[in-house]
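For the protein sequence lines, the chains are A and B, in the order given.
Heads up: take any position in the first sequence, counting from 1, add 157, and you land on our numbering.
Heads up: take any position in the second sequence, counting from 1, add 579, and you land on our numbering.
Rather than coming from a laboratory, the hints here were simulated on the basis of the structure.
Just so it is clear, the structure is predicted and the values come from calculations on it, not from any experiment.
The reader is advised that the hints may include incorrect statements.
Going by beta-carbon spacing under 8 Å, a handful of chain A positions derived as facing chain B [what the hints assert, rightly or not]: (1) Arg194; (2) Asp355; (3) Asp370.
Just the calculated beta-carbon pair ranges, DEER-fashion [said to hold, decoys possible]: (4) A/Leu173 <-> B/Trp693: 28 to 36 Å; (5) A/Leu409 <-> B/Ala715: 21 to 29 Å; (6) B/Trp693 <-> A/Ala304: 46 to 54 Å; (7) B/Asp771 <-> A/Val292: 37 to 45 Å; (8) B/Leu636 <-> A/Pro417: 27 to 35 Å.
Backbone N, C-alpha and C define an ideal beta-carbon position, used for all residues, glycine too.
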Amino acid sequence: MRWLGLVVVVACALALAVVLGPAHVPLADLATSDVVRSLRLPRALLAFLVGGSLALAGAGLQALVRNPLADPSLLGLSGGAGLGAVLAIALHVSSPWALPLAAFAGALGAMALVYRLGLVGGAELDPRVLILAGVAVGAFTAAVTTALVSLSDAAELRNAFLWLWGGLSGASWDSVLLLCVYAPLPIAVLLAAARPLDLLALGEEPARHLGADVESVKRRVYVAASLLTAAAVAVSGVIGFVGLVIPHAMRLLWGHRHRPLLPAAFLGGGALLLLSDTVARVAVAPRELQVGIVTALIGVPVFVLLLRRWTAN
Amino acid sequence: MDRELILDVRDVSYRYPGAVSDALAGVSLAVAAGEVHAVLGPNGSGKTTLVRVALGLAPPAAGRAAILGRPAAAWSRRDLARVVGVVTQREDHLFPQRVRETVLLGRYARLSLWGAERAEDHAAVERALARCDVSALAHRWIWTLSGGEYQRVRLARALAQEPRLLVLDEPTASLDVRHEMQLFELVRALADRDGLAVLLITHHVNLAARFADRVLLLADGRPAGDGAPADVLTRETVERVFAWPVSIASFEGRPQMIPLRKKEDRT
Chain A
158 MRWLGLVVVV ACALALAVVL GPAHVPLADL ATSDVVRSLR LPRALLAFLV GGSLALAGAG
218 LQALVRNPLA DPSLLGLSGG AGLGAVLAIA LHVSSPWALP LAAFAGALGA MALVYRLGLV
278 GGAELDPRVL ILAGVAVGAF TAAVTTALVS LSDAAELRNA FLWLWGGLSG ASWDSVLLLC
338 VYAPLPIAVL LAAARPLDLL ALGEEPARHL GADVESVKRR VYVAASLLTA AAVAVSGVIG
398 FVGLVIPHAM RLLWGHRHRP LLPAAFLGGG ALLLLSDTVA RVAVAPRELQ VGIVTALIGV
458 PVFVLLLRRW TAN
Chain B
580 MDRELILDVR DVSYRYPGAV SDALAGVSLA VAAGEVHAVL GPNGSGKTTL VRVALGLAPP
640 AAGRAAILGR PAAAWSRRDL ARVVGVVTQR EDHLFPQRVR ETVLLGRYAR LSLWGAERAE
700 DHAAVERALA RCDVSALAHR WIWTLSGGEY QRVRLARALA QEPRLLVLDE PTASLDVRHE
760 MQLFELVRAL ADRDGLAVLL ITHHVNLAAR FADRVLLLAD GRPAGDGAPA DVLTRETVER
820 VFAWPVSIAS FEGRPQMIPL RKKEDRT
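Chain B on its own, in the form it takes in the complex (with noise of 0.2 Å):
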């Protein structure tokens, strides 16, 4: 089955402005509908930068960046709104916020200037609450929340926006092992189930290579693989990429890295 290409970034290169190299050269990433695809990379390889040539927050100087077969530059934010839902790596809450209030912030893209929020988009609000398991926190102040919590009320909100595409950068951050597990199981199943195509930035090597169907591995802003765990995720380019000694074991099928010590530190 032919899967639905939604992000179609082609050969981007982008340089901030003032900055002596560039942020990325020449990378390229595809991302179709049901896939979960991850950007993996040490802090500063470009991740992040990725993400805003991808969604026409910054213009690319050379290569172009695509979302349902039109140029990222030429959606205007709203419509954007209506297609790709992200969850960033921060937010503020300058004032106090109740879960069902902020998840309803996801429907703006779909309202009318005057208009009142329509039953549809109550209904839509309830689905993205009961799809992220938080139902029952709907009434509970954003402050009161567990980091887990936290992240699945965002991804909650994403989801009210009725996306094709979504982004999660580092949606784990700083979650235990139960909760990261909780939101990957989720992030995995709406693509699988819900159909959802899935941009996924993060630096857990493992995570990313146990759920994602394709990584691409980032290093300087550079391209250093992209195609299946397995594939990408061999010793030898996880070792120049994260410039770390590792050893990869195979679990279930899919490479998993282990950290290996400094030798002079063992005895």
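Bound conformation, chain A alone (with noise of 0.2 Å):
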């Protein structure tokens, strides 16, 4: 039943995302509409597509680092990103994909430097270690983001930050087939250590004594996480929220078992980014709001009636 309702929630937030837009499609010609066609529709499987990696990460990562609010910002990744995306316009790097790319890059530099840093204790990563090393990293690169900006031409790098908070607008076939052929290693490793995370929430000693190779299982998700985030950011710039709220509405709706949980998120989360993001396009038409704006409009709410929900019980 739970499942048959969230396909539902996803099959509807598809259909909307289709339907609805700035530009009126009358229905009959949905099929054959070049807005639908080249515009619509490979935004919309975007949105899902980035939208459930979010909350796939989300969910691996509260497990991972054994904290409940952890979110996948906090892991400098979107810092890592910005500071690629604002160097790569100072240096007047022009091709439509040398944006994405370079927060791309910018993204895996601070997974690297985080991964590292996480390493310092010794040769065990160390999940408190990572939170910490993810909101120095991330404030580091901010810090230096904001020296490029502050240092060069106004113009140009405001195209930087109106591209990294810009969400979902650069959709294209091309990024949607991109994510398609990338995401599906990181996510089948995700799923895969459903159950080695159950154990993991015991602790790192009792995890071991039931089974699980912790360090190899600690080292897989965070890898995992890391490269579905960096590539959501890259696509879509930085989209807050999506990666906290619905690992923990989910929970709320089927348990804290990773196994039905993680695909539970990721569906979760595609479907919320649909719905916010056709919200953005049609909300103050013909303008757009920054989808992040409304993630967090919509997932506050909705948030606070699970969790009334939750603690009636």
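Given two chains presented individually in distinct reference frames, assemble the corresponding complex, making use of the accompanying hints.
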């Protein structure tokens, strides 16, 4: 029943995203419309993939760092992506893929740095150090980014920020295809870690005694969640809240076992970002809201409702 | 009858990285099927370190540890979890769980990567719940359990692993007499009736003396005695190891320790 409900929500969100928009497309012409085929459909699919990736990464990270309030944005990746994008613009690299690629490279650089810092205590990845390292790297990249902006030609760098916070307006079939090729591997790695993550919630020592290869699980989950987040940031800029609120909402509905939780988080995250992006496109048409604002506006009340129900039980 | 040797630790030493002295030196320990072997010692005497070395989590600097004849370090965590069940001193509950859910985690090492739990897994969980007398609690949330119920649930999870060796690290640390005795009686029955080898880490001298077949007494990481409780727990040895004057009485053929008050306190 719950799964059916979730699939119906995803299907409705997808249908709304295709039907609604600033340009009026009669229902009869949906299949043949250029607006639908080259703009709305790829954008909707991209929103679904990005939202799903962020929520899945968030659910994995919460178990990894043993903190239910963890969010992909804590990993310092967004800061790295922003720095990459700003650098590319400051260096006048111009090609349609330059910005996403530079942002992706920046996110990967930040990930490598955070990972290295997470190993400071020895050969074992320490989740607590990982969060601190993520926050430190995020602050550092933000400082460098701001320095670059204040020292450079304002008009150009404004473009970088608009792109970085610009949501999904740059969606194309190319970016959808790219994500479809790229994302399955980290998604599969995270889904395969579902049971070990259940064990890890008991602590590392009990998890080892129950048969989990704890060090390898931590590394795999961290790298897979980071790779998903980096790709999501590279194609759509920073979108907060999905990675935090969706895993929590799904925990309330599905419980805490990661085998049902992780796929549910992926579908739920996809649906939330689809709906949010539709609202962002339609609400103040012909202008667009930033999709991150909408995810927060939709997400917070939903979260409060679920939290009330949860504490009432 | 010669019982199968499950855990065989010979003459191991271990030093924590950067430490100036050995946490363990020249310790041996052999646990056979159907036997309860207690490891006794004051706080910081190396009991938990010995478990880590025995289960391949810390490589010994000297000596060797073997489980079912195979070096402890050569086991993968997954294979070892099918042979050894451990109830640790502490664990976290990051997310709320129900009793049956947490016992089902004991089946992890027997499940395939993508496969669902099979009928035999659920059957093993039910057996473990029944064995520990917690079937009636199966639907309860973990946080609603009393201390004694909680420890029996954790023991049930270790039994769901269907192990040959059970390792219990201070299982009755915060339990009252009734729950303490219940748990020790259960552990004794698991060795006698189910043929499990049991390694019991505790600082309860009297309970170890009454329930264990053998006790290993540790002092500062060195063996201070290993054998039947009556042979090891003599007044001289216990006083030396625990650094307190005691009297040893005999009850049902087992030594029982009574700590003495200091002379100057008596009037």
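Here's how the hints hold up against the structure:
Residue-level restraint check for arginine 194 of chain A is violated (minimum Cβ-Cβ distance to chain B is 36 Å; threshold 8 Å). Satisfaction of the interface hint for aspartate 355 of chain A is found here, the shortest Cβ-Cβ separation to chain B being roughly 6 Å, below the 8 Å cut-off. Nearest Cβ of chain B to the Cβ of aspartate 370 of chain A: about 5 Å, under the 8 Å cut. The hint holds. Hint check: leucine 173 of chain A to tryptophan 693 of chain B, Cβ distance near 33 Å, so the stated range 28 to 36 Å holds.
The hinted range of 21 to 29 Å is satisfied by leucine 409 of chain A and alanine 715 of chain B, whose Cβ atoms lie roughly 27 Å apart. For the pair tryptophan 693 of chain B and alanine 304 of chain A, the beta carbons lie near 48 Å from each other, so the given range of 46 to 54 Å is met. Our hint of 37 to 45 Å for aspartate 771 of chain B and valine 292 of chain A is violated, since their Cβ atoms are close to 55 Å apart. About 31 Å separates the C-beta atoms of leucine 636 of chain B and proline 417 of chain A, a value consistent with the hinted range of 27 to 35 Å.
In this structure, the hints that do not hold are numbers 1 and 7, in rising order.
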